[in-house]
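Residue numbers (the numbering used here), protein chains in the order written: chain A, 1 to 80; chain B, 81 to 160; chain C, 161 to 302; chain D, 303 to 444.
It should be emphasised that the hints constitute simulated quantities derived from the structure, not laboratory data. Where a beta carbon is used, it is the ideal one built from N, C-alpha and C, also for glycine. Warning: the hint list may mix true and false statements.
Once the Cα atoms are required to be at most 35 Å apart in a straight line, the calculated DSBU-like pairs of lysine-lysine come out as [what the hints assert, rightly or not]:
1. C/K274 to D/K315
2. A/K43 to D/K424
3. A/K40 to D/K362
4. C/K163 to C/K282
5. A/K40 to D/K402
6. C/K244 to D/K342
7. D/K386 to D/K362
8. C/K200 to B/K93
9. B/K93 to D/K402
10. C/K260 to B/K99
11. D/K424 to C/K163
12. D/K342 to C/K260
13. C/K282 to C/K244
14. C/K173 to C/K282
15. B/K99 to C/K173
16. C/K260 to A/K43
17. C/K220 to C/K282
18. C/K244 to D/K424
The following label-pair restraints were derived from C-beta to C-beta distances [claimed, not checked]:
19. B/K123 to C/N195: 28 to 36 Å
20. C/D287 to D/E308: 28 to 36 Å
21. C/V284 to D/P372: 49 to 57 Å
22. B/G148 to C/E211: 18 to 26 Å
23. C/V275 to A/G17: 58 to 66 Å
24. C/F285 to A/N55: 47 to 55 Å
25. A/F51 to C/N195: 43 to 51 Å
26. B/M81 to C/V284: 37 to 45 Å
27. A/G17 to C/D170: 27 to 35 Å
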Amino acid sequence: MHTFRVKAFGITKDILGGKEMVIEAPGVTVGDLRAALNEKYPKLTGLRSLFIAVNNSYADETAVITDGDEIALIPPVSGG
Amino acid sequence: MHTFRVKAFGITKDILGGKEMVIEAPGVTVGDLRAALNEKYPKLTGLRSLFIAVNNSYADETAVITDGDEIALIPPVSGG
Amino acid sequence: MIKITEKPIDVQKVIDTASSLNAGAVNVFVGTVRNNAHGKNVVWLEYEAYETMAVGEIRKIIDDASHRWPLLGWAVSHRIGTLKPGEVAVAVAVSTPHRKDSFEACQYIIDTLKVKVPIWKKEVFEDGEEWISAHPAVAVNS
Amino acid sequence: MIKITEKPIDVQKVIDTASSLNAGAVNVFVGTVRNNAHGKNVVWLEYEAYETMAVGEIRKIIDDASHRWPLLGWAVSHRIGTLKPGEVAVAVAVSTPHRKDSFEACQYIIDTLKVKVPIWKKEVFEDGEEWISAHPAVAVNS
């Protein structure tokens, strides 16, 4: 298992129960992390959308996360 | 002959040589006044456009000017 | 608020006047004096207005805009007299519930102002001056 | 200037930052907190940002806009924290040589900001609160 430290914003902060959580996933891609998150926090699947950012940019599902990367959950944005 | 007191703005002030001039015309419509103006000041015909306002509104050529009406020459506007 | 003034325009005041507690969007257009035109340096501009008619024509434009977009507030201020590069010549602000309307209404007002409202500007260059748009455009090579 | 701040936004400063002596046009969009939403009174809004990424995403939007329009100056300021109705949440200003471009560029920036930049708002009503747009829209009669 791989361990990821994930920042949560907006409604994901409420769903995860904190601003930053440690998540374990069997793989190292963004898709693997998403699957682990959805399993642990099923309410995430009810969101209109959920992007995952790696190092301050939107990341594809196939992107590989490496040690030291900054990971963040981006629920539907609503600025302005 | 009818006598009209005409306000001039922008380039028409330069062409007429003053902010307000008295013009004589044989008729009482805006068209009659325009013809008299063009004859006396041929440079007016070189303008891109020339509207005549009566009582603070753009007037048609057939509009009749009556005593006390405020008449103004409106060369191409360029505000903003 | 419709204002034709010789004093510098306070853009913040124009925005505040147009704002509304029911509005989510304010769009503001500020027209400033450029330091160049037609490849020449502009030293200053002279703005002149037929004030009573200008106010009336702006009012008509606002009335038209109010029928086309849900304006919650608006303000138009136009400066006259001598303006140097960088100074504000005109400020238009409108507020609407949502942003798309604010852009459309503000653009309609300034676009229409520029073709309907009796205000004139003369550009003063280092080597001459010219009433803008007075004569038909002359082709460069003619 | 790109700014994410807990302090009230100084719209005049945003405009001044975006202005340029070469520009004839400044367009400004100001997003304010409405006192109502979905027919309910808004008591206040909570804005939260993923600040480092938000600044980066705004920079990308400005870069894109700079390639599409001749921007001479620009500024984007977004407030976070607790905002009451009437307060300014966001201000975007751009200056261009001519006005049409200023409208288009400003609208592009705010439209794109609203779909790309990681900032979130929670509306707090008298009887509850809600993260805006988080869930799929629910039909009124379902």
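Going down the list of hints, with the structure as the test:
As the CA atoms of C/K274 and D/K315 are separated by approximately 27 Å, the hinted pair is consistent with the 35 Å bound. Proposed proximity of A/K43 and D/K424 is supported: the alpha carbons are some 18 Å apart, at most 35 Å. Distance check on the hinted pair: A/K40 and D/K362 sit about 34 Å apart at the alpha-carbon level, within 35 Å; holds. Under the criterion of a C-alpha separation no larger than 35 Å, the hint pairing C/K163 with C/K282 is consistent with the structure, at around 20 Å.
Only pairs whose Cα atoms come within 35 Å are accepted, and A/K40 paired with D/K402 is rejected, the gap being roughly 50 Å. For the proposed pair C/K244 and D/K342, the alpha carbon gap of about 48 Å is over 35 Å, so the pair is violated. For the given pair, D/K386 sits about 30 Å from D/K362 by alpha-carbon distance, which is consistent with the 35 Å threshold. Straight-line distance between C-alpha atoms of C/K200 and B/K93 comes to about 25 Å, which keeps the hinted pair within the 35 Å bound.
As the CA atoms of B/K93 and D/K402 are separated by approximately 31 Å, the hinted pair is consistent with the 35 Å bound. For the given pair, C/K260 sits about 43 Å from B/K99 by alpha-carbon distance, which is inconsistent with the 35 Å threshold. Of the supplied pair hints, the one linking D/K424 and C/K163 is violated, its CA atoms being roughly 39 Å apart against a limit of 35 Å. For the given pair, D/K342 sits about 22 Å from C/K260 by alpha-carbon distance, which is consistent with the 35 Å threshold.
Under the criterion of a C-alpha separation no larger than 35 Å, the hint pairing C/K282 with C/K244 is consistent with the structure, at around 12 Å. Our distance criterion of 35 Å between C-alpha atoms is met by C/K173 and C/K282, whose separation comes to about 27 Å. About 33 Å separates the Cα atoms of B/K99 and C/K173, which keeps this hinted pair within 35 Å; it holds. Taking the CA atoms of C/K260 and A/K43, the gap is near 33 Å; set against the 35 Å cutoff, the hint holds.
Under the criterion of a C-alpha separation no larger than 35 Å, the hint pairing C/K220 with C/K282 is consistent with the structure, at around 25 Å. About 45 Å separates the Cα atoms of C/K244 and D/K424, which puts this hinted pair outside 35 Å; it is violated. Here the CB-CB span from B/K123 to C/N195 is close to 31 Å, well matched to the stated 28 to 36 Å. For the hinted restraint 28 to 36 Å between C/D287 and D/E308, the CB-CB distance of approximately 53 Å leaves it violated.
Against the hinted window of 49 to 57 Å, the Cβ-Cβ separation of C/V284 and D/P372 comes to about 25 Å, which falls outside the hint. Evaluation of the 18 to 26 Å hint for B/G148 and C/E211 yields a pass: the beta carbon distance comes to about 19 Å. The beta-carbon spacing between C/V275 and A/G17, approximately 60 Å, falls within the hinted interval of 58 to 66 Å. Separated by about 53 Å at the C-beta atoms, C/F285 and A/N55 satisfy the suggested range of 47 to 55 Å.
A/F51 and C/N195 have their C-beta atoms about 44 Å apart, which keeps the hinted 43 to 51 Å range intact. Taking the beta carbon of each, B/M81 and C/V284 are about 39 Å apart, inside 37 to 45 Å as hinted. The hinted range of 27 to 35 Å is not satisfied by A/G17 and C/D170, whose Cβ atoms lie roughly 49 Å apart.
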